[in-house]
Amino acid sequence: MSALLKTQNLTMRFRGLVAVSNFNLALSKNELVGLIGPNGAGKTTVFNMLTGVYCPSNGDIELDGESLNELKPHDITARGIARTFQNIRLFKDLSVLDNVKLGHHIHMTYGLWATTVQSAHFYEEEEKIEQDSLKLLQIFNLEKMAHFQAKNLPYGAQRHLEILRALATKPKILLLDEPAAGLNHTETESLMETIQHIREKFDLTILLIEHDMKLVMGICERILVLDHGETIAQGTPKEIQQNPVVIKAYLGES
Amino acid sequence: MTPHSIFRQIILFIAICLILFIFNIVTPYVLNAYLCMIVIYCGINIILGTSLNIINGLTGQFSMGHAGFMAVGAYASAACSYYYLSPLLNSLSTSSFITLLVQQFFLVIALIVGGGAAALFGYLVGLPSLKLRGDYLGIVTLGFGEIIRVTILNMDSLGGARGFTGIPAWSNFFWIYFFVVAVVMTSFRLMRSYHGRALLSIREDEIAAESIGINITGHKVRAFVFSSFFAGIAGGLFAHFIGYLNPSSFTFIKSFEAIIIVVLGGMGSISGSIIAAIITTILPEALRPLQEITKLDFRMVIYPLLLLTLMLTRPQGLFGNKEISFSFLKRKKSK
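Protein sequence lines correspond, in order, to chains A and B.
Residue 183 is where the first sequence starts when you use the working numbering, and the numbers rise one by one after that.
Residue 53 is where the second sequence starts when you use the working numbering, and the numbers rise one by one after that.
In case anyone wonders, no lab produced these hints; they're calculated from the structure.
Some hints could be false.
Pairs of lysine-lysine, DSSO-like flavour, derived with a Cα cap of 30 Å [what the hints assert, rightly or not]:
no., chain 1, residue 1, chain 2, residue 2
1, B, 374, A, 333
2, A, 310, B, 374
3, A, 254, A, 211
4, B, 183, A, 333
5, A, 188, A, 310
6, B, 183, A, 274
7, A, 274, B, 347
8, A, 317, B, 306
9, B, 347, B, 306
10, A, 430, A, 383
11, A, 326, B, 374
12, B, 183, A, 254
Isolated chain A (complex conformation) (with noise of 0.2 Å):
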């Protein structure tokens, strides 16, 4: 089976420091994958230039055999690529339903000319994207909550809502960083049955990273481990568990 998103010697350059180098990936459809390293490993790099945030120093992305080199990161959003991000980005001042609402941004066609006199195709798809926003929050639980300002959700219910946004544009792949970054124990499992449950409902491809082992070890199919922005191992969590190498970048030599 061909892959979905496959990645050949992606190599980042920031001046002389080399925050990736020949980072090579090939996600199958519907793979769960974990990509986990130390701080500063280059890891949410590695999502920059696949979200086309950076633009690659070196090396090709390619999505279902298409370049992704170069483009815009709303172009590549549009191609079916979509993320959240380490310290979360909601659009803070707005309503939670309206977050969700903008996940759909790149699927709405009525122009502006609808929107001066307010046609039928206005309604319509307003109404839609409404009924899609409402059903989409239904998945954490968020729905009573479509109304509040974004900012005034708590910790972990922003990151849920990160994630709902990402899925509204209707991805193909889904990056996630650290989504179980501050949450605690019980709020992790449940993460970890969602994220299950979304890759089925939205059949959806996802690329991981976490630093929380349990999540890791638990959903992922396939890990890859970075370190200084080598890629020093991949392989099935267990696997990756007994890697002297991989014990050896996380706890140092004895």
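Assemble the complex: chain A is given as a structure, and chain B must be docked to it using the hints.
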């Protein structure tokens, strides 16, 4: 037929026109010329404030050159009607009623020309806003406004420093408030659409906005084009009401007046901009008697002091980012 059909929109349109038309006839009898003037200035300032609100309030880009757009609109529409439309109107030797109708039509053309010219400049200024943010954009737009003013100052065909005289005074209460309603309604509808939500998301977080597929470049430029189009129309209305234009009406102080309206009303609140525009127009006039009593120009001491107190007590502006809501009316209807 759905409640939101085009039919309903047309009824609404006709109703607004009728109301404005009645007001247009009645106002001169009810108000004296001075009060009429204040009402007219209120209207122009509402358009100006609401249009700047699209850039500063909704999109969160700090533009300080709004007077520049207004000047472009004013001079372009004035030149259009002075050099082309007015001679054309005079050459038509028909009954006075038809002349009156044609004149209204020509006014709209002149305004659209003015708005279009301003929109073109808005596009040109919008381009640097892609790279700049915050104070830096403010400085660029401020500079732009001054460039426009100085350019006009040196254009002899537009009157230069003497001012542009002889502009046909075609605009009146009806047309000014017609465009007030049009601009306010368009902004409201824009804000409630996905186009407007995209602008809001740019204000909130550009990186997040990009990550959900919003073309921030395109939307920023669009915001500038819209906003300057409306400012151009405000300028055109102003020119055709006074019949005289002078570059000194479009200094950066005029831009700051527009910014005061937006900030006072609350960034991103259209109702706030409207109320603030009315306050900032009426307040200096209402303080005039004070000047007569004290024989000193206290006006420009009290006015800023009042603004200062307002901003200290309500730093988020009169309305924050809220709007006057009519939803309670709808709820009653459904019961």
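Hints, verified against the model:
Between the alpha carbons of residue 374 of chain B and residue 333 of chain A the distance comes to roughly 16 Å, so the proposed pair stays at or under 30 Å and holds. Taking the CA atoms of residue 310 of chain A and residue 374 of chain B, the gap is near 25 Å; set against the 30 Å cutoff, the hint holds. A hinted pair counts as satisfied when its Cα atoms are at most 30 Å apart, and residue 254 of chain A with residue 211 of chain A qualifies at roughly 23 Å. Between residue 183 of chain B and residue 333 of chain A the alpha-carbon distance is near 28 Å, which keeps this suggested pair within the 30 Å criterion.
For a cut-off of 30 Å, the pair hint linking residue 188 of chain A to residue 310 of chain A is broken: about 34 Å separates their Cα positions. Between residue 183 of chain B and residue 274 of chain A the alpha-carbon distance is near 23 Å, which keeps this suggested pair within the 30 Å criterion. Restraint check for residue 274 of chain A and residue 347 of chain B: the C-alpha separation of about 51 Å exceeds 30 Å, so the hint is violated. The hinted pair formed by residue 317 of chain A and residue 306 of chain B fails the criterion: a straight-line CA distance of about 48 Å is larger than 30 Å.
A C-alpha spacing of about 27 Å is found between residue 347 of chain B and residue 306 of chain B, which places the hinted pair at or below 30 Å, so the restraint holds. Our distance criterion of 30 Å between C-alpha atoms is broken by residue 430 of chain A and residue 383 of chain A, whose separation comes to about 38 Å. Straight-line distance between C-alpha atoms of residue 326 of chain A and residue 374 of chain B comes to about 21 Å, which keeps the hinted pair within the 30 Å bound. Simply put, residue 183 of chain B and residue 254 of chain A have alpha-carbon atoms about 15 Å apart, close enough for the 30 Å limit, and the pair holds.
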